[in-house]
Structure formats: C-alpha cells, structure tokens
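Take these sequences, add in the hints, and give me the full structure.
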Amino acid sequence: MSTGDEATGHHDHVHSHSHDDGNFQSHDHDYSHNHSHSHSQSHSRAHSRSQSHPHFSSAELSVPALTTPSPFPTTVPSHFSRHLHIDAFSGVAGDMFLASLLDLVRGGEGSGRLQPAAAGEPRCGRARLLSRVRDDLASIREMAEEWTLEAEDVKRGTGCIAATYVRVGSRWDHAPEAVPGAEGRGRDRGHDHGHDRGHDHGRDRGHDHDHGHDHGHDDGRGPSRNLPTIVVMLERSSLPPYVKSLASSAFSLLASAEALTHGASSPDDVHFHEVGAVDSIVDTVGTVAALYHLGVKTVSTSPLPMGKGRVWTEHGILPVPAPATLRLMEGLEICTGPPSAAGELCTPTGVALVRALVQALGRGLPEAGGLAVAGCGFGAGTKEFDHPNVLRAVLMEPPPSKKGRAPVTASPRPPVVSRGGLRSSVADDVASETEGAPTPSRPRPWNVSHVTELAANVDDVSPEILGHVVQRLLLLPGCVDAWTCPIGMKKCRPAVQVRAMVAGNDADREENVDAAIETLMRETTTLGVRVYRDIERASLHRRFVTVPTGFEGGAGSGSVKVKLGMLKKTMGPNSEKEEEEEVITVHPEFDDCQRVALAAGVPLRKVADVAKSVAEHKLRLVLDAKSTRNDH
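When we follow the UniProt record's numbering, the leftmost residue of the sequence shown carries the number 1, and every step to the right adds one.
Hints are computed from structural coordinates only; laboratory data are not their basis.
Glycine included, C-beta positions come from ideal geometry on N, C-alpha and C.
Don't take every hint at face value.
In silico DSS-like cross-links for lysine-lysine, where the CA-CA straight-line distance does not exceed 30 angstroms [as the list claims (entries may be wrong)]:
1. K563 to K606
2. K563 to K612
3. K563 to K491
4. K569 to K490
5. K606 to K618
6. K568 to K612
7. K612 to K561
8. K569 to K612
9. K618 to K568
10. K606 to K561
11. K618 to K561
Label-pair ranges, simulated between beta-carbon atoms [said to hold, decoys possible]:
12. P399 to S462: 53 to 59 angstroms
13. A117 to S139: 36 to 42 angstroms
14. C492 to R522: 26 to 32 angstroms
15. E330 to Q594: 33 to 39 angstroms
16. S559 to P494: 56 to 62 angstroms
Take a look at the structure:
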C-alpha cells in the first residue's frame, strides 16, 4: 500500500476494480480440477461467490492456529523430508525469500542439497537452482519474454554479512518519478502493493495512472491480471502440483487482503497490473519452485516485524504496515523489529508467501534431536540499515542416524570477498580459514593454499574503468585479490596489467576462474588473458581483537577492530605438543578507524595510531602474563 521514501519501495501495483473483464469464467478455489465448465455453472458459482467468497471473510484470513490447512490441496511428494525455518528478523519480501533459498545452495557444499546436475547444468549449487527456477517460470507461457531473473553476491549491514540478492527485470519497467514533495503527492500515488523489491526505501518504480480507466486491455504498460487469470496461467503450465497449489494459495491470500482493504465485491476483482504482476509471479512462483527443488516438507516462521514510521499512499499518510499487509498478518506472531529499521519491513507478497506456507506446511520448530541443520541462506533486501537487511532461511533435515547413512562432512565454504579498495576484515578472516591448511606431511607456521592467477594487459583503458574492473573482480566468487600494476609493452607503449587471484574448492575453482576471465574480457579491451594455475600461496594466520581508542562522538562507539597476522609453531614432543603463536603484524581496520575519526572529528591517522598502540600494549601484557606462568 505504501509508496514513499519511508515505504519499502516495492510497489505491489494491485488495483481493486468492481468490473469483470469477461476473459475468464469463474472457478472454484480447488483449481486442480478441469476448467471446462458450462456457462451456466460458471454463472452460478460467480453468483454464490459474490455472496460469500471462501477467501474473503475476515474470519478466514484470521488463522489463530498456523497449522490450519491450506484452502488449496497441497501435494507433497512422499520422499520430501526437510524442514525450512524462516527467520524474518529484518522483515520479509518476495525477492528476499527467493534469494535466501538460492543462498542456501551457494558454493560447493550447497550443490549437495540438490538433485545431481543433469547434462549441461551448472556445477555450482546456486547457479543450478537458479537455472531450474528459470525453467519452471518459463513453463508459464503467458508470461514468456516478460521477465528476467538474476542473482548476485552482496553484503549487508555494518558487519558485512554475505548474502544473495535477486534482481527481477520486467519488460514493463518505467523510469522513476520525483520524490514526494511538500504537497504530499507520492511517487506512485495511483497504486497499491502487489509486488515487492526487498525493502528498497529509495528506489521506487513510479507510475501515475487514473484509476477510472479499464485495465482489461494491454495498453503498452503491461497486461492486467486478476486472481482467476493468474491461477489459470499456473494450471496451464507444467509446474509440479506442489508449486501450483502453494503459489495459487499465496495469490489468493494476497487478493483477499486487498479486496477487504478496498471493499471489492470479490478477490477476483482485484487486478495485479504492470510490473506488480510480473514481479509478484516471479517472486512467488520462484520461491515455491525453489522449495520444491530443495525437498521442503514442513515450514516454520519467526515472528514478523511490524516496522515503524509512516508511508505515503494514494489515500494519504498511513502508519506501517500497509493495510493489506496488516490483514495478512492476522493470526501470525509479530515483533517490533530491529531498532535501526524505519519504514515498511514486511511486504504483502512476502507475508502472503509466509502465510500460505505455514497454512499448508506449517509446524513448530522441531524438538531437540528431531532434525539437524543442513544449511542456512541469507536473502538480501535493497535498503541499507545498520543491521543486516537480510532474510535468513534455515534448512533442516533428519540427522544421519535417522536416515540410515553415515554423516557427511561438508566441504568448507569458499572465501568471502570484499567489495573493493581496502580488504574487509570478514573477507580476510574467512579466506584464512577456508583457502587451505598446512601440508600434513610438513607442518608450517603459516597457511598454505593453491590458487589460480590471471593477468590481462591493456593500454587503452581509462583509470576510472580500471578501478571499476578491479571492484567487479573482487565481487566474484572465489576472487581473493585483484590489483593493477604499470608495465611497458612493445614499442615502449605504457600500459597496465590487471591481475586477479582466484581460489575456491576444487569443484568450484574452474567455474570461478571462468567467471573472472569473462569479466576481464568483457570489461577491458584485452585480446587475451594469461592463466597461471596451481600457484602456491602462503599467508599468515589471522585473528581479530577489538580495542578502545578513547575517541567518542556521534554514533561511533570508539572501538576499533585490529587484525593480527601470526605464525603458529608446534612445540614439544608428540605426546605434549603445544601451539605457540607469534604476532608478526598489527593492522587496525580502515573502515572502523574511518567511522571513529568522522564521529569524533579527529584525523584518521591518529585513530589508527592509537588503535595500533593499544593493541600492541595488550599483546605485551598477554606475553608478560604467559612468561610469568612459565617461570612458575
């Protein structure tokens, strides 16, 4: 319902109309039956529905027990055994939900949670699941060529939590309009919500339409689709019954909430128009299809955050959640949400998905010992908060002892990479833990890993473009470092060499290398890329300590993370081995120092010097204490 800067920015574009476009006959809400009814039967059902629609009454929407059966028959394959817990601590939106499921299978260990790759399918788990979801969506023929679906790696929050972000494109996209002015006219004042874009508080797709015209035609701004239209589209597709029933249920709940909000005679009169229809269908069907491919049998959810503040709507300024969202929350447990979050945290499509799933597949969290955690995924929203704006999906399955097989040891997650510029602490820390271990036959005091190094020579690219290329490389999976260096080419031409270091598990490294090579070829003018494989890389062990600097001010706490580079040596006989750590480097984290310097109004260099001095002092105290214990 909301449309302004304080809203989610995902305008659901749901229109409530009291007309029937005449294109589709009325249907019972068991949409799994044959749709070839006589005109008189359809007319009779339409009349009875207008008197008492099975998804229209507020009593039907209010579900005190989350295990209330779905109004649509849900066929769960007998071999499905997994449980999904939705942790919506920062809210929920349709694209965040889909992104969290894709993130569940990111990397080498995630691919084992899917059916084996068929011929021509990607080896990477996330790419494989994304490919299967696209294939499922492509079976909805009426939407052919209307959408695109991409996934990318991002980080959210001050702690730089790695997550997957989903980007849905539509052929009906429009240019945004102006921010709401003092007169209170919102950027999307002609629309309610029917789709969402992951808590985007500053990127509205603005449209200004007169609600008095008939949306039953395609006027170049996208087809108008009501609930029966969308359900028929799903039924005509080759989607599994599991996906059809749950997706239809989510759209039915969404239409019912909008009908109640606007006083429509029936949910079937609510139209999902333009971008809203495309985004909602992609997010909703894509999410349920991903659940199907993950073999999810049951679902549970955390309390949903209410959010705070007010939003611009066509009806004026309203508090959050939007009216339709609040109706969908009836019967679901709620909470206040993170203190740093302002605006709308839960969107109608996101809540409709959660509600449909818990009504059909809902159960509480499993008892201790009942299920084991198989993995977790983080789906990113667009808005940046102090806290991570992500939806966490936790996948659980019967423990190995209950499945009659030996435990499976997951391979380590590939290194997390930084955005560019100075390396982030999270990237370096995780890289040190996942890029390799010392050779067992010869223990070494440092980490040893094997990487692939790429090099491309360019002599006609501007420095700004080169900076962009380095940042693009650092965002790729497995790229642990990227840099440039000046070189002299033939005929004494000055040039620049762009280099990248790519790591990863054995199963993923080739795919990571291919992605980096393609980026170099697309983003630069190079005619070729040199590939140096199986390069041994030695790196110090890393540890982080947090030290106070004494600088206070603004929102900064004055504390700074300091990265320690260490050598680890094993001392003593085999029966009494002890690990001795020697600190080699002390390096304050740039981002923390910058935050404190800006808040306190002091030079950044001064903050860094103080942080390093405090860290070194702490280290001396630790060494002195250890020396004293050894003397005794």
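Structure-based check of each hint:
no. : hint                             : result
1   : K563 to K606                     : holds, 17 angstroms
2   : K563 to K612                     : holds, 10 angstroms
3   : K563 to K491                     : violated, 44 angstroms
4   : K569 to K490                     : violated, 47 angstroms
5   : K606 to K618                     : holds, 18 angstroms
6   : K568 to K612                     : holds, 21 angstroms
7   : K612 to K561                     : holds, 10 angstroms
8   : K569 to K612                     : holds, 24 angstroms
9   : K618 to K568                     : holds, 19 angstroms
10  : K606 to K561                     : holds, 15 angstroms
11  : K618 to K561                     : holds, 13 angstroms
12  : P399 to S462: 53 to 59 angstroms : holds, 56 angstroms
13  : A117 to S139: 36 to 42 angstroms : violated, 20 angstroms
14  : C492 to R522: 26 to 32 angstroms : holds, 29 angstroms
15  : E330 to Q594: 33 to 39 angstroms : violated, 46 angstroms
16  : S559 to P494: 56 to 62 angstroms : violated, 45 angstroms
Checked against the numbered hints given earlier, the structure breaks hints 3, 4, 13, 15, 16 and satisfies all the rest.
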